Amino acid sequence: MRPNVIEQLIDVAPGSPIAEALAARAALMQASQANYDAVLTPQDPGGLPQPLRFALAARIARLGGDAQLAAHYTAGGALPETDASWQDAATTAILRHVDLIATTPRDATAADVVALQAAGVTTGDIVRLSQLIAFVSYQLRLIAGLRLMGATP
Amino acid sequence: MNDVVHDFTADPLAWRPYLTPVVLDDATLAQRAALQETPSNTKISDYVLVLAHDPESLGQRTPLFNGIMYGRGGLSRAERELGATAASVVNRCIYCVSVHAGRYIGLAKQPDVIAAVFDGTETALGARDQAIVGYATRLALNPPQATGDDVRALRAAGLSELEILDLTLSVAVFGWANRLMHPLGEAIRPREA
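Quick note, the sequences are listed as chains A and B, same order.
In terms of this note's numbering, the first sequence has 133 at position 133, counting the first letter as 1, and numbering is strictly consecutive.
In terms of this note's numbering, the second sequence has 86 at position 86, counting the first letter as 1, and numbering is strictly consecutive.
Extracted from the complex, chain A is given alone in its bound form (with noise of 0.2 angstroms):
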C-alpha cells in the first residue's frame, strides 16, 4: 500500500479505537491519497505547476492553522518564496483567489472568477486551482478532526 500522507501527519495508537475507525475506512483512506495524488501530482499539470502546487497548498495549511501540514508542503518542493514568478500578474491573481477561497469562501463572487480571468488564468486553470483550494481545505479539516479525537480521552 502507498503511504498515506493523512495518516502519516497524525499519531494514531496502534489498537486504539481511531485506529479501528480510519481501518473500517481504509478504502477513503486510499482514495483521499489518491485525490492528493491528482491534485498535488498530476499527470497534466497544466499551467500550474507542481512547485507552485506545493507552495499554494502549504499556504492554505498556513491560513488554515496547520503548520505541521505546511511543513509538509514546503519540503515537498514548493516553488520558493523569492522565485520571480510571484510577480506574474496571473501568480498575483491565483494568490488573492487562494486567500479568499481558503479562508472566506462565502464571500466569492463571479467577479473574483472575472478577475481570474482578467489576469490570464484559462478555464482549465481556474478548475484546476479550484480543485487544488478544495482538495487541502479537505484534507485539513479531517487531519484536525482526527487530531481532537485522538487528543481527547
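A portion of the hints provided could be inaccurate.
To be clear about the criterion: a stretch of chain A counts as covered by chain B if any three or more of its residues have a C-beta under 8 angstroms from a C-beta of chain B, and this derived list gives those stretches [as the list claims (entries may be wrong)]:
hint : segment
1    : 4 to 10
2    : 18 to 24
3    : 29 to 37
4    : 47 to 56
5    : 77 to 91
6    : 95 to 106
7    : 143 to 153
With the Cβ distance kept under 10 angstroms, some of the chain B side facing chain A (calculated, not the full set) [stated by the list, open to error]:
hint : residue
8    : L29
9    : A140
10   : P144
11   : D149
12   : A177
Everything labelled a hint here was simulated from the structure, so no lab data went into it.
In this text the structure is predicted, and so the values were computed from the model without any measurement.
Built from N, CA and C at the ideal position, the CB exists for glycine as well.
With chain A held as given, fit chain B onto it using these hints.
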C-alpha cells in the same frame, strides 16, 4: 440577474456556472473517462461538466465523495447530510444547502432541525443533533475551531469513534464541495416546469 437565490432554503434550486462547461461531443478521452465515474442514468450536470476541465481530479473525487456520503455502516445517511448541511451553511453555499437540507429532511423527517441550523439556534435541539451541528459548524470554519469539548459532546450523545470519523469526513468533504460549487457558480430558482 434576478433569478439568483441568496437565502438558505431546503427547496430544490438550480445551479448556473460562471465557467463554460465541457461540451460532451468535444470531450477528450481523459475527460470521457472521468465522466464515466458519475451516475450514468441521469443527464450529466453542468457542475460535473465544469469539473471535467480537470479530469484527473474529477475522476478521483467522485468515488471518494460517494464513499463518504453513501458508504455502508457507521453514521446514518441522515446525520452525514446534517453535517454536510451545517458545513454548507458556514460557507454559504446556497445550492449545496438546498440539496443536502432537502435530503436530510427526506431521510430524517425533521424540518425543525434544519430550521435551527439556518437560524443558528441549534442549542435548542436535542443533545445528539446539537453535538453534531456544533462540531460540524466549528470544524467547517477557517481555521477549524472545533475543540475537545465538541468531541466529548459527540461521545456523550452516544456517537461511536467510527460515527465521529464519518461525521468528520462528511464535514471535510463539504469543506471541499462548498469551495467548488459556490465560487464557480450561483444558485438560481428552477425554471417553471
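Here's how the hints hold up against the structure:
Counting residues of the segment 4 to 10 of chain A whose CB lies closer than 8 angstroms to any CB of chain B gives 0, which falls below the minimum of 3, so the coverage claim is violated. Chain B is given as covering the segment 18 to 24 of chain A, and this holds because 5 residues of the stretch bring a CB closer than 8 angstroms to a CB of that chain, at least three being needed. For the segment 29 to 37 of chain A, the stated coverage by chain B holds: 5 residues have a C-beta nearer than 8 angstroms to a C-beta of that chain, and at least 3 were required. Using a Cβ-Cβ cut-off of 8 angstroms, 0 residues of the segment 47 to 56 of chain A lie near chain B, which falls short of the minimum of three, so the contact claim is violated.
Coverage of a stretch by a chain is defined here by at least three residues with a beta carbon nearer than 8 angstroms to that chain's beta carbons; for the segment 77 to 91 of chain A and chain B the count is 0, and the condition is violated. Figure legend: the segment 95 to 106 of chain A, annotated as covered by chain B; annotation consistent (6 residues with Cβ-Cβ distances under 8 angstroms, at least 3 required). For the segment 143 to 153 of chain A, the stated coverage by chain B holds: 7 residues have a C-beta nearer than 8 angstroms to a C-beta of that chain, and at least 3 were required. For L29/B, the interface hint is violated, since its Cβ never comes within 10 angstroms of a Cβ in chain A; the closest pair sits about 12 angstroms apart.
The restraint placing A140/B at the interface with chain A holds, with a minimum CB-CB distance near 7 angstroms, inside the 10 angstroms limit. The criterion of a C-beta within 10 angstroms of any C-beta in chain A is met by P144/B, whose closest approach is roughly 4 angstroms, and the hint holds. With a cut of 10 angstroms, the hint placing D149/B at the interface with chain A holds, because the nearest CB-to-CB distance is about 8 angstroms. With a least beta-carbon distance of about 7 angstroms to chain A, the hint placing A177/B at the interface is held under the 10 angstroms criterion.
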